[in-house]
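Student: Residue-level listing of the chains:
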Amino acid sequence: MRMINRRDFLKLGAASAAVLAIESQFHPFAYAAERLAEGGRSVNRTSGLPRSFLPSTCTQCPAGCGTIGYVEESRLVKIGGNPKHLSNESALCARGQAGINAVYDPDRLLKPLKRVGQRGRNSWQEISWEQAYKEVAENMNALKTGGAQDFIFLTDDLERDALGRRFTNALGSANAFGASGIYDANKRAGTSLTWGKEGDMPDVANSKYILSFGANPYESGPQFVGFARRLVDGVVKNQAKLVVFDVRLTNTSAKATEVFYVQPGTYALVALAMANVIMQEGLYDGAFIESWTNVSPAQLAQHLAEYTPERAEAETGVSATVIRRIAAEFATTKPATTVTDNMLSAHKNGVQNERAAMLLNIITGNIDRRGGLCLPRQYDLTDPAPVPPIPAPTAATGQSIVAAMTMIKQRKQPVGVLMTHGFNPVYANPDGTSVEETLKDETLIKYHVAITPFITETAAMADIIFPETTYLEDWDIEVRPSLELVPFVALRQPVVPPLDSAKSFFDIALELSSTIGGMQQFFPWKSVDGWLKARISGIDGLMKAGGLDYLKQHGVWYDPKSRPNYGSYQAGGFPTPSGRIEVYSQNLASRNFAPLPVYEPIAAFRTISEEKNEMILTIYDTALQTDYKTGNCMWVDEILHNNPAWINPETAARLGIIEGDAIKIRRTSRSGEAKKSSIETTAFLSEGVHPRVVAMANGVGHTDFGHVAEGEKFEKNGATVTGSEIPKFLQDPNSKLIWWGEKGGIGVNAKDIVPADLDPIGGGEAWGDVVVVLAKS
Amino acid sequence: MFGLVARVFSGRPTEGLLDGIRDSQMLESLSAFDVVFEEDFLETDIDQLVGDLAGEFVRLFIGPGHHIAPYESVYVRSEDEDSPRLWGKATVEVANFYLEAGLELPTGQTPDHLGLELEAMAVLAEAEAVSRETGDLDSAKEIFEMQNEFCRQHLRIWVPKICSEIGNETASSFYRNMALLTASLVEMQCGADSVF
Chain A
4 MRMINRRDFL
14 KLGAASAAVL
24 AIESQFHPFA
34 YAAERLAEGG
44 RSVNRTSGLP
54 RSFLPSTCTQ
64 CPAGCGTIGY
74 VEESRLVKIG
84 GNPKHLSNES
94 ALCARGQAGI
104 NAVYDPDRLL
114 KPLKRVGQRG
124 RNSWQEISWE
134 QAYKEVAENM
144 NALKTGGAQD
154 FIFLTDDLER
164 DALGRRFTNA
174 LGSANAFGAS
184 GIYDANKRAG
194 TSLTWGKEGD
204 MPDVANSKYI
214 LSFGANPYES
224 GPQFVGFARR
234 LVDGVVKNQA
244 KLVVFDVRLT
254 NTSAKATEVF
264 YVQPGTYALV
274 ALAMANVIMQ
284 EGLYDGAFIE
294 SWTNVSPAQL
304 AQHLAEYTPE
314 RAEAETGVSA
324 TVIRRIAAEF
334 ATTKPATTVT
344 DNMLSAHKNG
354 VQNERAAMLL
364 NIITGNIDRR
374 GGLCLPRQYD
384 LTDPAPVPPI
394 PAPTAATGQS
404 IVAAMTMIKQ
414 RKQPVGVLMT
424 HGFNPVYANP
434 DGTSVEETLK
444 DETLIKYHVA
454 ITPFITETAA
464 MADIIFPETT
474 YLEDWDIEVR
484 PSLELVPFVA
494 LRQPVVPPLD
504 SAKSFFDIAL
514 ELSSTIGGMQ
524 QFFPWKSVDG
534 WLKARISGID
544 GLMKAGGLDY
554 LKQHGVWYDP
564 KSRPNYGSYQ
574 AGGFPTPSGR
584 IEVYSQNLAS
594 RNFAPLPVYE
604 PIAAFRTISE
614 EKNEMILTIY
624 DTALQTDYKT
634 GNCMWVDEIL
644 HNNPAWINPE
654 TAARLGIIEG
664 DAIKIRRTSR
674 SGEAKKSSIE
684 TTAFLSEGVH
694 PRVVAMANGV
704 GHTDFGHVAE
714 GEKFEKNGAT
724 VTGSEIPKFL
734 QDPNSKLIWW
744 GEKGGIGVNA
754 KDIVPADLDP
764 IGGGEAWGDV
774 VVVLAKS
Chain B
72 MFGLVARVFS
82 GRPTEGLLDG
92 IRDSQMLESL
102 SAFDVVFEED
112 FLETDIDQLV
122 GDLAGEFVRL
132 FIGPGHHIAP
142 YESVYVRSED
152 EDSPRLWGKA
162 TVEVANFYLE
172 AGLELPTGQT
182 PDHLGLELEA
192 MAVLAEAEAV
202 SRETGDLDSA
212 KEIFEMQNEF
222 CRQHLRIWVP
232 KICSEIGNET
242 ASSFYRNMAL
252 LTASLVEMQC
262 GADSVF
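Chains as they are written, first to last, in this note's numbering: chain A, 4 to 780; chain B, 72 to 267.
Because the hints were derived from the structure by calculation, they are not lab data.
All clues stand as given, with none of them false.
Dumping the calculated DSS-like pairs for lysine-lysine here, alpha-carbon to alpha-carbon at most 30 Å:
| no. | chain 1 | residue 1 | chain 2 | residue 2 |
| --- | --- | --- | --- | --- |
| 1 | A | K147 | A | K117 |
| 2 | A | K615 | A | K779 |
| 3 | A | K536 | A | K200 |
| 4 | A | K87 | A | K258 |
| 5 | A | K529 | A | K137 |
| 6 | A | K415 | A | K449 |
| 7 | A | K443 | A | K506 |
| 8 | A | K87 | B | K160 |
| 9 | A | K412 | A | K117 |
| 10 | A | K678 | A | K667 |
| 11 | A | K200 | A | K547 |
| 12 | B | K212 | A | K14 |
| 13 | B | K232 | A | K14 |
| 14 | A | K547 | A | K536 |
| 15 | A | K529 | A | K147 |
| 16 | A | K114 | A | K529 |
| 17 | A | K81 | B | K160 |
| 18 | A | K240 | B | K160 |
| 19 | A | K679 | A | K746 |
| 20 | A | K564 | B | K160 |
| 21 | A | K555 | B | K160 |
With the rest of the complex left out, here is chain A (with noise of 0.2 Å):
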């Protein structure tokens, strides 16, 4: 190269300022701050603040996702997912970065209220801690004299509200409920009849055949992130197939490598159809059915042979050439799983539904194996002594929460005292309006105390509202079934303080317990430190490795050399009477149901009548809200807050709908009782719903729960739904732009017009049995 000269230098510069004057900007480095550090400081990008982090856990859905919530001048100002979780691996869904919503809600109780007037008129005082504890302990220690069986608790998961549950049992009463009969109860019920533990694990990351009856597992489903990651792992990394019978076009079925529209409520025809192919051509596993089920594979292909793939293809609508083919399929293709959620199980045949997708893996040996059906993995936590003596049962006992409710309309269950913790029947439940009338009328209901962040529409109904501490401000110890199949321990801990006077669920029960005869030798500990401690004190990995200590600084544990121990039940068999997979259920015999899968067709669905329009609804959960959960994180509400009522162009034509039009869904007198018989939203036309489907998002519609579910600015009268003025640390400038409730509409709770009916074995809610008929409003 020749020498070159400043000169030279001059030039070039000068040139090329010119040719990058006519360019526009590309790259403007601004002047400020951003420190970014490999996994680990973090400080905010403009102000230049250093945020410290937390490690804790998500309960905005049931997956139980770990968390790292970044806080800035003891502001929570983030939350992401935490790389060290085994379930989410770091990835976390839109509820819950949106949990900030929920600690800055403006609505956000911070005192405790007494009502003023009436119930359910939803006007309050605020009151004092100690006066609101004086008044409460005045009410259970009357009943605590009277009966206290008459205590009634009601919360979201009974089996990880261990607190709630012993506070009940303490006080007297056998009497907590948990929403799984809204949920799950089916599923666990089917599982636990078959193989002993309630749920199970798809093996889906190493699976190569995914066979999926409704489940929509890229869009929710009770380990959602997590699940999906695994699900596109099987999918992309490893060419599983994945095939999907659905009445809709879900963002699972879209992504399929095959789908298959089925006439609503028939998925157990289907799967068992395919279990007689299956079984007809010799392509079952033998050697699995002889020594791990307690039927024979003669037995079975003599009962499975009325479910021919031709009768199928009548009720069903999907071909019997198909379901010949894809049951070939899964057959020979190892190894392969079926995937389930609440669309297969929440109807009348639910259990049996669900039993019937399980005998595909079992008759394949598909159980229990790298890639296959695989048991729960979760680890038990202590209960820790003393434990107080379960109560003797009274009429609700044991019943599903909505038969409970059902039964207390009725008078068959008195209740003396309510206690709400968290959770919201009122929109939850089927027949909602129902269940809003019964804790309405003082005469069912002679105390309600509600333990919640918000005045939901059952925090409406209470007498007293206890201001829980959010999630993101409270303690406890989260286990949930191991989507890696080792099993962990994971900690929810307060990422920001308690705000104000609101107060975590142990303290109120410990506090509580303290102003209640006989109950304060049950709750021993000082600190919640001393509860935590003993719920993992079983868990002797953990403890070596520093207990609560440990979970504090990572937010979760497992043993680091443990791996998924596929045939476990080959130790000991599977947890059931028989020691082996019970696809002949002793137990249903003895209760005169069938004790093999079945297909029992719904009534309703046998007559419905084309011509009057008889359509069935299908109310399905989304990636962006959880039930009653998630309505007042406003960034989920933007996007999604109405729930227009998927129609196919096809039925719309027939009817004379078109898209965008005002319509009216009304439940037809065949599909039993509820208050509500009718609602009104708008039509959505789309090809991807079945013709004989009208389907609907479900967590939206909210009457109570503040200003953002409700989709009202808070301008309109600055303050909180309790007439006190919004402190400063609640003011959010954002929560004076929400524009859905007047431009987009806040949709409408469908549950609403669901009767409150249930499948006979597992309990659990039949929110798909209902028949509607459609009409333009």
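Put chain B on the given structure of chain A with help from the hints.
Tutor: Below, chain B alone, put in the same frame as chain A:
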């Protein structure tokens, strides 16, 4: 000058950029740096050229298939990394350098992209010039040293290598010469004596 090559390696060329470079005054300035374009660049119709070079840019730096990944961490492997990788140690170091220099990383950009590193040099050179014009010699000196440090610790270590690869990979006289120019600029900057 860094601004020009930064633009060239940051994305597909635009008509304005190519016209500007084909300007006679620019060509003369470039010739001092041994930049000699050939017919494929000088004679082709501008619309055609924009398309051709956009295609060549994509083929060279984006793919699909065999291509050059224009990121420092791919060329500079730290001792505790098993293999070169995107967003590695070097990337973090570069990001931290930007932070210390007061440069905010544009959203969605990988800090150690060739174009972005060159752009950082351009921005710092301009900041140095501004400081000098306003008589703030302390700042000017500080910024000059920042450039030297960045050049020594980053650009000099990998830019000559990737430039020679680009030269070998491409049949386009535009990219070959721009790679050559970039390597020369880096070499000169790193060898520059303090004027303070």
